[in-house]
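Chains B and S supply the protein sequences, listed in that same order.
Heads up: the first sequence is residues 1 to 212, going by UniProt numbering.
Heads up: the second sequence is residues 1 to 212, going by UniProt numbering.
Rather than coming from a laboratory, the hints here were simulated on the basis of the structure.
The C-beta atom is built at its ideal place from N, Cα and C for all residues, glycine as well.
Fair warning: there could be bad hints in the mix.
[Said to hold, decoys possible] Derived contacts from chain S toward chain B, CB cut-off under 8 Å, selection only:
#1 F64
#2 I66
#3 L70
#4 T79
#5 C94
#6 Q98
#7 I102
#8 N104
#9 G106
#10 K141
[Stated by the list, open to error] Once the Cα atoms are required to be at most 30 Å apart in a straight line, the calculated DSS-like pairs of lysine-lysine come out as:
#11 B/K46 to S/K130
#12 B/K130 to S/K130
#13 S/K46 to B/K144
#14 B/K124 to S/K130
#15 S/K174 to B/K130
#16 B/K4 to S/K91
#17 S/K114 to B/K124
#18 B/K46 to S/K141
#19 B/K130 to S/K46
#20 S/K114 to B/K174
#21 S/K124 to B/K130
#22 B/K174 to B/K212
#23 S/K26 to B/K91
#24 B/K39 to S/K179
#25 S/K39 to B/K179
#26 S/K144 to B/K33
#27 S/K123 to B/K39
#28 B/K114 to B/K46
#29 S/K124 to B/K39
#30 S/K117 to B/K179
#31 S/K130 to B/K123
#32 B/K117 to B/K33
#33 B/K39 to S/K141
#34 S/K179 to B/K117
#35 B/K39 to S/K130
[Claimed, not checked] Where chain B lies over chain S, by a calculated footprint (3+ residues, C-beta under 8 Å):
#36 52–60
#37 71–78
#38 108–116
2 protein chains.
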Amino acid sequence: MATKPVLYSYFRSSCSWRVRIALAMKGIAYEYKAVSLLKGEQMQEKYQVLTPMAQVPSLEIDGFVINQSLPIIEYLDETRGEPALLPKDPKQRCIVRQISEIINSGIQPLQNLKILKYVGDDKKLEWGHKFIDEGLAALEKMLKTTAGKYSVGDEVTMADLCLVPQVYNAGRFKVDMSKFPTISRINAALGELDAFIAAHPNKQPDCPDDLK
Amino acid sequence: MATKPVLYSYFRSSCSWRVRIALAMKGIAYEYKAVSLLKGEQMQEKYQVLTPMAQVPSLEIDGFVINQSLPIIEYLDETRGEPALLPKDPKQRCIVRQISEIINSGIQPLQNLKILKYVGDDKKLEWGHKFIDEGLAALEKMLKTTAGKYSVGDEVTMADLCLVPQVYNAGRFKVDMSKFPTISRINAALGELDAFIAAHPNKQPDCPDDLK
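Please model the complete structure; the sequences and the hints are all you need to start from.
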């Protein structure tokens, strides 16, 4: 097993993106292996050996393979150094996890490629728009009570790692972000940070040249 | 603020069910407040004040209100006594979280009432069946490598709290569970435990008499 972690990622996968931000924030060097969801490479045997869910991201690290983005981020936070991605206080940790889950289980699963394919080309824009719009409306209400400079107070947390890819996807589904000023403000502030710049889809080796 | 925690729950909500098991396992007494998803009570102002996502469960505890089931369970585990619902070892914790997320973000969001209403009455059985069947197939593969008596080793963990309600829902969508012997075996073992019996939908005050 290589000592350098290996990230199996797709440039535009929002869950891969979250993990790329975490790795960048923690300063962890890793090998990037692209898995094209568009070509269905996640369904190939060599990838399924890694992860039965046939999804990206997967992270090969410390002699085992993890998938599911939030468990990966929690693992990195428990085993790697500063900066912490979850606060120490249990209530604050809980609030960070809650915001993360509003996106992770409340919005993202309804806009992923597998679901949209099943929904069909004629309906997928309306479908994605509806669920992202509703989810962000709830998130906006919550962030008004928790945000400082970022989603929870003034430190970057796991919640922010979920927020930025979700806002990017809102753009793809033509959601009117002017309705969500708190989300928009936080997203803009995060977009200036080095780790977030490095983790952006258009900085990844599998991003097509015409999207860079 | 009352000292006794208040759980806002719907008897058949799988996310409420997970939290009920956690509360029962930890021996935490609580007041049960039913929110009927079928009647749309979660959309009422008095409930939305509690939780912007308009979903159950919500737990009022220690002077704040949490929703999202996995953050609630993690909070209870961090602040309340034995038995632990996550192992101490970071890798084992990660595996528990991974299995929990396969269900929490990979399967459950696609079968919830809000989505099924939007999918429509003529298609919802096929839709739910497809995504539960695919998700459980992946879960079965994973559990073959992690399970002991329960999902991860021989202790009950958060993963088991997610598993039981998911298997119940598989039944409602006519998924053939004989294809998933590991899941079925673990589910049967868990079903004998007091906390799981107490948390079952048919033991809740809002369960209609004809379903008891």
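Okay, the hints, checked on the actual structure:
{"no.": "1", "hint": "F64", "in the structure": "holds (6 Å)"}
{"no.": "2", "hint": "I66", "in the structure": "holds (6 Å)"}
{"no.": "3", "hint": "L70", "in the structure": "holds (6 Å)"}
{"no.": "4", "hint": "T79", "in the structure": "holds (5 Å)"}
{"no.": "5", "hint": "C94", "in the structure": "holds (4 Å)"}
{"no.": "6", "hint": "Q98", "in the structure": "holds (5 Å)"}
{"no.": "7", "hint": "I102", "in the structure": "holds (6 Å)"}
{"no.": "8", "hint": "N104", "in the structure": "holds (5 Å)"}
{"no.": "9", "hint": "G106", "in the structure": "holds (6 Å)"}
{"no.": "10", "hint": "K141", "in the structure": "holds (4 Å)"}
{"no.": "11", "hint": "B/K46 to S/K130", "in the structure": "holds (24 Å)"}
{"no.": "12", "hint": "B/K130 to S/K130", "in the structure": "holds (22 Å)"}
{"no.": "13", "hint": "S/K46 to B/K144", "in the structure": "holds (19 Å)"}
{"no.": "14", "hint": "B/K124 to S/K130", "in the structure": "holds (18 Å)"}
{"no.": "15", "hint": "S/K174 to B/K130", "in the structure": "holds (29 Å)"}
{"no.": "16", "hint": "B/K4 to S/K91", "in the structure": "holds (17 Å)"}
{"no.": "17", "hint": "S/K114 to B/K124", "in the structure": "holds (17 Å)"}
{"no.": "18", "hint": "B/K46 to S/K141", "in the structure": "holds (15 Å)"}
{"no.": "19", "hint": "B/K130 to S/K46", "in the structure": "holds (24 Å)"}
{"no.": "20", "hint": "S/K114 to B/K174", "in the structure": "holds (22 Å)"}
{"no.": "21", "hint": "S/K124 to B/K130", "in the structure": "holds (18 Å)"}
{"no.": "22", "hint": "B/K174 to B/K212", "in the structure": "holds (20 Å)"}
{"no.": "23", "hint": "S/K26 to B/K91", "in the structure": "holds (18 Å)"}
{"no.": "24", "hint": "B/K39 to S/K179", "in the structure": "holds (29 Å)"}
{"no.": "25", "hint": "S/K39 to B/K179", "in the structure": "holds (29 Å)"}
{"no.": "26", "hint": "S/K144 to B/K33", "in the structure": "holds (27 Å)"}
{"no.": "27", "hint": "S/K123 to B/K39", "in the structure": "holds (28 Å)"}
{"no.": "28", "hint": "B/K114 to B/K46", "in the structure": "holds (19 Å)"}
{"no.": "29", "hint": "S/K124 to B/K39", "in the structure": "holds (28 Å)"}
{"no.": "30", "hint": "S/K117 to B/K179", "in the structure": "holds (26 Å)"}
{"no.": "31", "hint": "S/K130 to B/K123", "in the structure": "holds (19 Å)"}
{"no.": "32", "hint": "B/K117 to B/K33", "in the structure": "holds (24 Å)"}
{"no.": "33", "hint": "B/K39 to S/K141", "in the structure": "holds (24 Å)"}
{"no.": "34", "hint": "S/K179 to B/K117", "in the structure": "holds (26 Å)"}
{"no.": "35", "hint": "B/K39 to S/K130", "in the structure": "holds (22 Å)"}
{"no.": "36", "hint": "52–60", "in the structure": "holds (count 4)"}
{"no.": "37", "hint": "71–78", "in the structure": "holds (count 5)"}
{"no.": "38", "hint": "108–116", "in the structure": "holds (count 4)"}
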